[in-house]
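Peer 1: Here are the chains, one letter per residue:
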Amino acid sequence: MTAVTAVGATAPAAALRRPAVYPGQPFVGFTFDYLVIGGGFSLLVLALLASGTMPSASVFLKEHLWTFVLLSNSAHFAGSTVRLYTRPGSFRDLPFLTMGLPLVSLVVLALGLVFPGALGQNLLSLYLTWSPYHYSAQAYGIAVLYCYRSGAPWDEKEKRWLRLACFAPFLYSFLTIPGAGLTWLMPAAALADPAAAAVRGFAATAAMVASFAAPLALFVRHQVSGRARLPLISLLAVLANAVWLVLLSYQVAMVLAVITIFHGLQYLAILTIVHVKEQMKRPGNGAPAWRHAAGFYARCLGLGYLLFQVWPHAFVLAGFSYGESLLLVVSVINIHHFIVDAFIWRLRRDPSYAAAAASGGSGGDAVRHPPAQAASADSFRASG
Amino acid sequence: MGRGLLPMSTTLSALRVEKLYRLAFRLGLLIAVACFVAGLAHVAVTEHRLPGLEMDPLVRARNALAQGDKAAAAREYRGLAAVNSRDFDLLLQAAEGLVRAGDAPGGAELIGRAWAMNPGHPRVQTTLGWALYWTKKYDEAASRFESALRADPREVRAHAGLAEVRLEQRRYAEAEASLLRALELDPTIASAHNSLGVAYVLTGRPQRAVEEFGIAARLTPTPDILTNLERARGEAAR
Chain A
0 MTAVTAVGAT APAAALRRPA VYPGQPFVGF TFDYLVIGGG FSLLVLALLA
50 SGTMPSASVF LKEHLWTFVL LSNSAHFAGS TVRLYTRPGS FRDLPFLTMG
100 LPLVSLVVLA LGLVFPGALG QNLLSLYLTW SPYHYSAQAY GIAVLYCYRS
150 GAPWDEKEKR WLRLACFAPF LYSFLTIPGA GLTWLMPAAA LADPAAAAVR
200 GFAATAAMVA SFAAPLALFV RHQVSGRARL PLISLLAVLA NAVWLVLLSY
250 QVAMVLAVIT IFHGLQYLAI LTIVHVKEQM KRPGNGAPAW RHAAGFYARC
300 LGLGYLLFQV WPHAFVLAGF SYGESLLLVV SVINIHHFIV DAFIWRLRRD
350 PSYAAAAASG GSGGDAVRHP PAQAASADSF RASG
Chain B
0 MGRGLLPMST TLSALRVEKL YRLAFRLGLL IAVACFVAGL AHVAVTEHRL
50 PGLEMDPLVR ARNALAQGDK AAAAREYRGL AAVNSRDFDL LLQAAEGLVR
100 AGDAPGGAEL IGRAWAMNPG HPRVQTTLGW ALYWTKKYDE AASRFESALR
150 ADPREVRAHA GLAEVRLEQR RYAEAEASLL RALELDPTIA SAHNSLGVAY
200 VLTGRPQRAV EEFGIAARLT PTPDILTNLE RARGEAAR
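Residue numbers (numbering that gives the first Met the number 0), protein chains in the order written: chain A, 0 to 383; chain B, 0 to 237.
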């Protein structure tokens, strides 16, 4: 009787605590989470660039573009590798990923350079095709992560709808990116057929509409039904990804670079939070959180510099042109990152999930899922 | 008995696999470290600096052109076209670069490939215009740029190209108008800021030229642009 009373008493109390639109449980604070992890800052910057009202902002960004790319995007690529090799038990649990994949990547890179037409350009197309999938998977992972932190139970059906909403931008990219996706996999003659072109155009339009309408509809449905509510920050992360992949010209160099900067920021923020939480929980830890964060980021930054700024020059020394070396190094690093990410965030009972999903609070806001559920493939799959 | 042997063979096989993994890891690590050392040493020896923050695949080709090393530039452009022949924009940039590097047939071949990918696309017209500009066929180039702009009035490089032609033809007012339009559409084109600076100098407005050369130098500090900036500063100070 007492237990029934307790349950009956806590449920309305929890409902009363929530505002009309649930903003989500932030990791750091609402401002940081909405701007960086949710992608709000990217929307502000991209709107400023698109409006053309401040040409000096565009010039400033272009002037320092590669610095920002190093600080964010290059570091984020290195981040998955640093995470892989610093995560306890990685060598034991993932022997191929930790010990075999680096050599395989090097061999593939060398072959791509030697056979640019037969292999190199296909590596590039594979990376360009996979990249929007990776972005959409990250948006989905972030959305689900905040859902878990909200404590609301999600069944498979609801997750499937959310997944579909998150992957609509990928479908749009797959159908429209020149040199990748459909244009890579299908012969040009087949795509040029008027009927095929019409179907493709219709599908791309449908995917474009679904990229925005589907997450909004899901959010409204959750608000109306009053259960398993999608936090506002989850919606923001999914819509930000849709803007990146659908509204902006994905292959225009500067826009692409700006998008990668914000994608990297999102990833680095989550990764650093996971790392710091783990380190702080270690027995005998005496260092403050900022020191763990700074140390982790410094390693990511250093490796990012070596991978993107130094590595291509080694192949120039071997007689290849800088342009093709850079493009293929970037392609192989991307593909390696996609594979590593898919594994390091997918492991069941992975400590990352407990660290990332736990709110750090207590009572009604704490994670209510058993660890195995929180650690499922869906809780934070930053990559595909 | 047979059952008893199985775990032993399995263990041996697992040990062998683990050994192979460790060997692969050490080899991979060794190659990666060697690549990093080689990359650092190569830049340090040839350029007397550490590798800088630059991830533009065309940067080496542009630098080679700026230094007059046409063979190196052509090699870079050909390498890019070989590995990224499906990227429409990069193919067009490589085509224009090859023409500038003196390989007009190579450039034409890449323009043909781009045309096959997107027949009649305004950017192909623009690249044709630039190819004609670099071979000093200014009237034909202007015609191509105008054709591209009729198809797409927001084609930035066609505005910039038309401006270059007008500068060559000493039609400075028209050049200035085209450059201002190009920079309105994309304020980050260093060459357009540089050309606008040139137009200002040639029409007696060195102070405004300093501003434009200054922006161009911030975006791409090539020796040409830095020289222009210094000259304009000198004229403005008089």
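Hints in this document: simulated from the structure, not taken from any laboratory.
C-beta: ideal position from N, C-alpha, C; glycine also.
Wrong hints could be hidden among the right ones.
Here are the simulated distance ranges between beta carbons [what the hints assert, rightly or not]: (1) 171(B) to 294(A): 37 to 47 angstroms; (2) 201(B) to 47(A): 50 to 60 angstroms; (3) 163(A) to 108(B): 39 to 49 angstroms; (4) 204(A) to 168(B): 42 to 52 angstroms; (5) 67(B) to 46(A): 41 to 51 angstroms; (6) 48(B) to 297(A): 40 to 50 angstroms.
Peer 1: Does each hint fit the structure? Answer for all of them.
Peer 2: So, going through the hints one by one against the coordinates:
1. 171(B) to 294(A): 37 to 47 angstroms: violated, 57 angstroms
2. 201(B) to 47(A): 50 to 60 angstroms: Once the Cβ atoms are compared, 34 angstroms apart, the range 50 to 60 angstroms for residue 47(A) and residue 201(B) is violated.
3. 163(A) to 108(B): 39 to 49 angstroms: For residue 108(B) against residue 163(A), whose Cβ atoms are near 44 angstroms apart, the range 39 to 49 angstroms holds.
4. 204(A) to 168(B): 42 to 52 angstroms: holds, 44 angstroms
5. 67(B) to 46(A): 41 to 51 angstroms: holds, 42 angstroms
6. 48(B) to 297(A): 40 to 50 angstroms: Given range 40 to 50 angstroms: violated, Cβ gap about 22 angstroms.
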